[in-house]
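Novice: In case you want the letters, here they are:
2 protein chains.
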Amino acid sequence: MQFIEHPRELSSFLDQHSIVLCDQNTAEYCYPLLPLELPLIVIPAGERSKNLDSCQAVWSKLMELGADRQSRLICLGGGMICDLGAFCASVYQRGIEFSLLPTSLLAMVDAAIGGKNGVDFLEHKNYLGLFSQNQNTIICADFLESLPREQWVNGYAEMLKHGLIYDKDHFQDCLRQKEGSLPGLNLINRSIEIKLKHTERDFKELGIRKRLNFGHTIGHAIESLSFKSQTQIEHGMAVLWGMLGEAYLSHKYWSLSKDDLQQIENGIKPLLKQHENIDLNFHALYKLMLKDKKNLRDQVQFALLNSLGSAQENLPLQAEQIESGIRYLARFK
Amino acid sequence: MQFIEHPRELSSFLDQHSIVLCDQNTAEYCYPLLPLELPLIVIPAGERSKNLDSCQAVWSKLMELGADRQSRLICLGGGMICDLGAFCASVYQRGIEFSLLPTSLLAMVDAAIGGKNGVDFLEHKNYLGLFSQNQNTIICADFLESLPREQWVNGYAEMLKHGLIYDKDHFQDCLRQKEGSLPGLNLINRSIEIKLKHTERDFKELGIRKRLNFGHTIGHAIESLSFKSQTQIEHGMAVLWGMLGEAYLSHKYWSLSKDDLQQIENGIKPLLKQHENIDLNFHALYKLMLKDKKNLRDQVQFALLNSLGSAQENLPLQAEQIESGIRYLARFK
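Residue numbers (my numbering), protein chains in the order written: chain A, 1 to 333; chain B, 1001 to 1333.
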């Protein structure tokens, strides 16, 4: 992984073998900042595009552009572009090189770190994908300036999570951020560091890496369910809801103290905005959770908090227990 | 890789986490030979099924069966099932275990050996796929008995190729086979050994593994072109044509002697049956060859024969040169 200050420094990473993948937004706001002109593939923006249809569009276009095994795909965008682009490159002609240039806070602290890629299948998140060791991530904080403010919360949610599962101080430092302002580079770096600590020790997610899923078992279900409705809930917002629900479960069925739960509630509650439309139907959510990739034999597995800054993976909960977490969430609608 | 004699010995490889993938034929003739009853996924037979639509059917069915990361996909079939099944398993939930149980001669000596998997995309062969280290191949010669005799030629062509590129004696031993009879286990083993010699030394196909593509640059183009016509030409038959054409190119533009070419012609000619309908339109074939995965920057790269039993990879030829090889083939229609 490399840090650069300005997109012009990308000239040493790009050459005539590079092909750029963008969504409609990054094609408009980020692609023009690149220091040389390169072939461009554009797909529609948004999490709904993270599917096999988009992959097929990318593969067709790669063929059309004459991409061969010397080619390199430059994934310039948020989490969707990084996840989908890395997957497309990894299977095109049995694998071409790719680089991730995350442009969103979410992608910088999460999607572009740790080598997971994938796309959604049917209504299930990241059901098709790979662990891919050979990726190259370049963090250029300048791109963040192009990101609409309302999307910062998506990355911010993951940063709070890094604090919650590993570093209490980081959680509190993040909360002290001035509301609506972009987190400083020091906080972004700390989040990347925490994510790498988990992914490098457990690349294939057999153990501690699963702790990064805190908030995501309920969160992914909320996100997936919202795909079917009019008001789609973004990943970060869904994860905030998920963390709140799973913090409650950590208190009720694991060792998180009442005080710690209260601190988490106080920290997250102000961030939950305008979600009177959120669908908290337990049966619909539970059905989705039953397809969570971390499950073992129909048993939903959670990563829960031991305390603020410490987590534990592989904790199974029963349907009734999970339901109590969803009921708790209903208070915050 | 493991050799067993009878399908009943499979009981030590199968358990309640196993899910079997078959095509319609192996579901009828091979699946019933398994020593325990297991969930079954069936897709239509034939190379035309080796595409993303079939993958989506497999992934949907895996979800329906509740497959999780403990599950193992048992690919019971010919090359298509092995290639497609390994790919499906490798990306489902970012990879579940799989075993290959090749039932055809072609799959035993080729598709199930060496860790390549993939599916066709648009009209291009194996354009989406992976190199997958974690496969487990079990060769059970008994399954061959279920294979229609007219399909033996598919595997036989690859066995001849192994001889041509690496072992002159093996080529001649294969030719001495009684016509229409199944090659003996010793010949099958020798072919597997030759394939492994190439794939183990060069897993990612950066060098000598490309020699296994002898006959396949022209062969794949003939096979792909036939997909668009009424009379589909099977892989092995297409490879026989391809080897003949590329042997001619090896003589004309590389170091294969006239005598060696004559031996190859004498060996292969009797195997080319009933192909008056074969489409040898150079422009259509060349257009397909330009999409060959081994190409570098629009230059078609061949593996050619130095002499009987010895090959060399990465040899570029010009369009006019390749055309002379196709014209040569027209004599044998």
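Calculated from the structure, these hints are not laboratory results. Check the hints yourself; a few may be wrong.
Claimed, not checked - Here are the simulated distance ranges between beta carbons:
| hint | chain 1 | residue 1 | chain 2 | residue 2 | range |
| --- | --- | --- | --- | --- | --- |
| 1 | B | Gln1318 | A | Gln56 | 30 to 36 Å |
| 2 | A | Leu122 | B | Ser1310 | 36 to 42 Å |
| 3 | A | Ala284 | B | Asn1281 | 54 to 60 Å |
| 4 | A | Ser11 | B | Ala1057 | 44 to 50 Å |
Every residue gets a Cβ at the ideal spot worked out from N, C-alpha and C, and that includes glycine.
Novice: Within 30 to 36 Å: is that where the Cβ-Cβ distance between glutamine 1318 of chain B and glutamine 56 of chain A falls?
Specialist: 33 Å, holds
Novice: Do alanine 284 of chain A and asparagine 1281 of chain B keep their Cβ atoms within the hinted range of 54 to 60 Å?
Specialist: Cβ of alanine 284 of chain A to Cβ of asparagine 1281 of chain B: about 55 Å, so the range 54 to 60 Å holds.
Novice: Can you tell me whether the CB distance of leucine 122 of chain A to serine 1310 of chain B sits inside 36 to 42 Å?
Specialist: 51 Å, violated
Novice: Kindly confirm whether 44 to 50 Å is satisfied by the beta carbon distance between serine 11 of chain A and alanine 1057 of chain B.
Specialist: Given range 44 to 50 Å: holds, Cβ gap about 45 Å.
In the structure shown, a violation is registered for the earlier hint numbered 2 alone.
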